[in-house]
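Student: These protein sequences, in sequence, are chains E and Y.
When you line the first sequence up against this note's numbering, it's residues 1 to 627, in that order.
When you line the second sequence up against this note's numbering, it's residues 1 to 266, in that order.
One should not assume that every hint holds.
List time: in silico DSSO-like cross-link candidates among lysine-lysine, alpha-carbon distance up to 30 angstroms [unchecked claim]:
hint, chain 1, residue 1, chain 2, residue 2
1, E, Lys84, Y, Lys191
2, E, Lys618, Y, Lys6
3, Y, Lys60, E, Lys84
4, Y, Lys6, E, Lys536
5, E, Lys130, E, Lys389
6, Y, Lys190, E, Lys84
7, E, Lys389, Y, Lys6
8, E, Lys298, Y, Lys6
Derived coverage of chain E by chain Y (criterion: at least 3 residues anywhere in the stretch with Cβ under 8 angstroms from a Cβ of chain Y; other residues may be distant) [what the hints assert, rightly or not]:
hint, region
9, 73–83
10, 341–351
11, 541–550
12, 563–574
13, 578–584
Hints were generated in silico from the structure; no laboratory data involved.
Every residue gets a Cβ at the ideal spot worked out from N, C-alpha and C, and that includes glycine.
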Amino acid sequence: MSFLLRRSGLKGRAAAMLIAGMLLVLPLFLQPSSNPVSKVLSVSAAYAEQAADAKVEGKEGEKDGKPKFMAAPKLKEGDYPYFKTNILGLEVTPRILAWLIAQLHLWFAAFVLAVPIFVLLIEAIGIVTKNDKYDDMAHEFIKVSMTAFSITSITGGVLAMVLFNYYPDFMKYLMSIFGDTMIIYAMLFFGESGCLYIYYYGWDRMRYGTSKWVHLSLGMLLNAFGMTILFISNAWTTFMMAPSGVDGMGAFTGNIWEAIRGPLWNPINLHRFIANIAYGGSIVGAYAAYKFLAAQSKEERAHYDWMGYTSNFIAIAGLLPLPFAGYWLTAEMYAYSQQVGITLMGGLFAWLFIVQAVLIGSLFLAANYYLWCGMGRSEKPNPYFKYVKYIAFAVVVSFLVWFTPHTLIMTAKEAKIIGSHHPVVGVLGVMSAKNTAVNILIIATYLSFMLYRRGDRVPTVGWAKTGDMLQAGLLTAACINILWLGIYGYLIPANVRIGLSIPQVFTTLLFIILSVIIDGKMYKGAKAGSVIEWGKMPARSQYALFLLAVSFTWLMGLMGFCRSGIRQHWHVYTVMRDNSPDAFTPTLPYAASVVSVGTVIFMALVIFIFWLAQFSAKKQKHEAHGH
Amino acid sequence: MGNFTKIIIFSILIVLAYPLYVKFGIPKLNPSPPPVEAEIGANMTMDQFIALGKKIFDEKGTCTLCHNSLGRAPMLNNQHSVALDRLKDPRYKGGAKTAEEYLHESMIKTSAFVVAGFGVKGSNDTQSPMPDVSTGAIGLNPAEIDAVIAYMMTKDGGKTTLTVPTAVPAAGAEEKKPAAPAKTGAEVVKKYGCGGCHVIAGEAGALGPDLSKIGSKGKDYLRQAVVDPDAVVAKGFDKGMMPTDYKDKMTAGELEMLVDLMAKSK
Chain E
1 MSFLLRRSGL KGRAAAMLIA GMLLVLPLFL QPSSNPVSKV LSVSAAYAEQ AADAKVEGKE
61 GEKDGKPKFM AAPKLKEGDY PYFKTNILGL EVTPRILAWL IAQLHLWFAA FVLAVPIFVL
121 LIEAIGIVTK NDKYDDMAHE FIKVSMTAFS ITSITGGVLA MVLFNYYPDF MKYLMSIFGD
181 TMIIYAMLFF GESGCLYIYY YGWDRMRYGT SKWVHLSLGM LLNAFGMTIL FISNAWTTFM
241 MAPSGVDGMG AFTGNIWEAI RGPLWNPINL HRFIANIAYG GSIVGAYAAY KFLAAQSKEE
301 RAHYDWMGYT SNFIAIAGLL PLPFAGYWLT AEMYAYSQQV GITLMGGLFA WLFIVQAVLI
361 GSLFLAANYY LWCGMGRSEK PNPYFKYVKY IAFAVVVSFL VWFTPHTLIM TAKEAKIIGS
421 HHPVVGVLGV MSAKNTAVNI LIIATYLSFM LYRRGDRVPT VGWAKTGDML QAGLLTAACI
481 NILWLGIYGY LIPANVRIGL SIPQVFTTLL FIILSVIIDG KMYKGAKAGS VIEWGKMPAR
541 SQYALFLLAV SFTWLMGLMG FCRSGIRQHW HVYTVMRDNS PDAFTPTLPY AASVVSVGTV
601 IFMALVIFIF WLAQFSAKKQ KHEAHGH
Chain Y
1 MGNFTKIIIF SILIVLAYPL YVKFGIPKLN PSPPPVEAEI GANMTMDQFI ALGKKIFDEK
61 GTCTLCHNSL GRAPMLNNQH SVALDRLKDP RYKGGAKTAE EYLHESMIKT SAFVVAGFGV
121 KGSNDTQSPM PDVSTGAIGL NPAEIDAVIA YMMTKDGGKT TLTVPTAVPA AGAEEKKPAA
181 PAKTGAEVVK KYGCGGCHVI AGEAGALGPD LSKIGSKGKD YLRQAVVDPD AVVAKGFDKG
241 MMPTDYKDKM TAGELEMLVD LMAKSK
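Put together the whole structure using the sequences plus the hints.
Tutor: Put into structure tokens, the structure is as follows:
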């Protein structure tokens, strides 16, 4: 084994993966029960109480008069192993520990699941265009993610240990339902690792001809493993938020598919899939920016400028549809439980979405700014640069509207004078204004990209002017429709108003799709109007890419808190209550502090990964000794 | 200053900016602590009971989340008289005869009467979006529901027909000061006084079965014998002799230690 590992050059990473994989699986075999994935009633006194209640003759899931599946345990504070310590001023408890490690695991997991998706696409583009440049870039992208794979598996293993140690009864209950899927998950993890290593280390060996197609197929298999892993773990997460496949006491009805396909499973699957792509793009963008700033030669600068541009494109491509996936998820949460929906959007967590708006606004601003700077790459001035100021105006105004809260921060005295809602800006706080703003923001970002792309090319088709006018007409019609729907929302009841977001989104998507089609036809066979000089970018533009990566990381942490925190004092909403000393719902500043600490740790590890990617590329020169 | 240092400083400034914005730019909201079962004292007056109902209405019941001026659910004004009107409404599908019964029903069988315009979308006001407050995330116990009814009947000048219940043990009261969990099986035996009735861990009670050689029965049996002692009763002993509340008193860890100790007694 050792020989094989040494021969393939996999020893260090593979060992880490193996150990982490074992850590992940090991707890399954360390449970007190003789059958580690036992579905029989066992252990806690609390279980027995519900088990007695569940003894209904002939009930599904019973065996010999005893319930086959255990009800959710009712735990007491003493059932939770607990500690409290202070590290650098931050109070650490089991929940903080689990929170930070889970978040770190998710950040890395999102990154390593996303990179193979767009690497596969770039590799395919390289095959179609027969341009080695794409292939080299795809190879470099996957190289950056290699160390992150090890860290993902290590943090996953540590997370499993923390959960089994500090939340043993909860994990036992979860395993009584999802135990089999956890074993499948671990096995898929090995499959994914195998594919990844052959995919990465076999890159140069399978670069051309039939081998390239084999290589591409391996990439597809790698992604299939990765996506299945994501979907399985999403099933556990969404079960905790909106349980299905269990009765009112939390006793499993015996159909695992029912437990998996809860009401939030597919919305989360889609949301995480898209968000991962955007996030992965932003992280490799930061890598490219770092390499760009550190570049010693013109060629190096050009290469990393192009890499940064591609990364930003991937991040934007993921960012644009993300709010729509978010709407679907929220709508499903609301449909599952009105109480959850209101707590989320109109109650305790409502202010969190204002913070989210600020962060997403920052992401859009950074991405747009980077594109505007990119217009300077053209040898000749970009003829569309004059429109940037209007796009910037639309982006900034949309951003301001988006994060204007409905209820303002006021002293009691101020509130007495003007009421809880400001007479002027208060009207911008409702969903009609926000939906309008986000749709305009998306259209403006698309325009930035479109005008950037057009800058260095001149269409040769005879209907170019008509095409321009058609696009301008479509843009005007789309904006008028979105604005009108936004205004109309103020004239109708709140419950009808919610439905207007659908035609607004539809308008935005329709405009973008039609515009892409028209532009594609118009610029087919276009002649070069200018030469793009890769590397001709101001240093400040690269900080937009760092802003994108850091803000995205922080935003993911915040929304992770939101997704998990909405369960409040429940391990599994409505069926298994959290009675640990940490069951309280944290305040927003408390959560923001934890997210910031996590972000700093994550960024430190990412810097290590970037350094490692650079470190491994350098070869030591041989020097004679003995003089 | 090198690029690397600049990048680090820039990134840290961003990471710091967001929590500072949250701390100083967002109103401070302190989430309520996890709800506990209400304590209903033996000598509680009706006024105290009604006040408790208001507290449950505002907090544990999360009623104000929807029943507020934002129009998410109907305002609950004058329920003492509105309830009687509802009973006469042709759309009423329940079985209540009095205002008190109607209010109880409105919290448990929430679709018995749906106020026009507040039904689930597409149900033509035949289905209520309100959850059953006795289950799920809210989970009020019968006494807590009664307290809410008492509050609703009286808050706008009506009179309640309820009586204050006699003391209901509050789950929270016991959990507030839990005794330190035992660390070994022998400590569990001492803590819960098992030796007072049984021969176990060096103690020699005579009221219950001798447990000195009980290990052959298997752990599942032993576990059940502690938490549900009347499920299977040893020959020569009657049902109801052993307390049935150990499942409430013991932690999961203590139960396992006790079961392990008994399993080794062969």
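Student: Take the hints in turn and mark each one as holding or not.
Tutor: Hints, verified against the model:
Distance hint between Lys84 (chain E) and Lys191 (chain Y) is fulfilled; the C-alpha atoms sit about 26 angstroms from each other, no more than 30 angstroms. For the suggested pair Lys618 (chain E) and Lys6 (chain Y), the alpha carbons sit about 24 angstroms apart, so the restraint of at most 30 angstroms is met. Restraint check for Lys60 (chain Y) and Lys84 (chain E): satisfied, since their Cα atoms lie roughly 28 angstroms apart, inside the 30 angstroms limit. The suggested pairing of Lys6 (chain Y) with Lys536 (chain E) holds, with an alpha-carbon distance near 20 angstroms, which does not exceed 30 angstroms.
Taking the CA atoms of Lys130 (chain E) and Lys389 (chain E), the gap is about 38 angstroms. The hint is violated against a cut of 30 angstroms. For the hint linking Lys190 (chain Y) to Lys84 (chain E), the alpha-carbon distance of about 29 angstroms falls within 30 angstroms, and the restraint holds. Distance restraint check for Lys389 (chain E) and Lys6 (chain Y): the Cα-Cα separation of roughly 29 angstroms lies within the 30 angstroms cut-off, and the hinted pair is therefore satisfied. Annotation: proposed proximity of Lys298 (chain E) to Lys6 (chain Y) holds, straight-line Cα distance about 22 angstroms (limit 30 angstroms).
Proximity of the region 73–83 of chain E to chain Y, defined as three or more residues with a beta carbon under 8 angstroms from a beta carbon of that chain, is established by the 6 residues found. Under the rule that three or more residues need a Cβ within less than 8 angstroms of chain Y, the assignment of the region 341–351 of chain E holds, with 6 such residues. Beta-carbon proximity to chain Y at under 8 angstroms applies to 4 residues in the region 541–550 of chain E; the threshold of 3 is reached and the given coverage holds. Coverage of a stretch by a chain is defined here by at least three residues with a beta carbon nearer than 8 angstroms to that chain's beta carbons; for the region 563–574 of chain E and chain Y the count is 5, and the condition holds.
Closer than 8 angstroms: that is the beta-carbon criterion, and the region 578–584 of chain E has 4 residues meeting it against chain Y, so the requirement of 3 holds.
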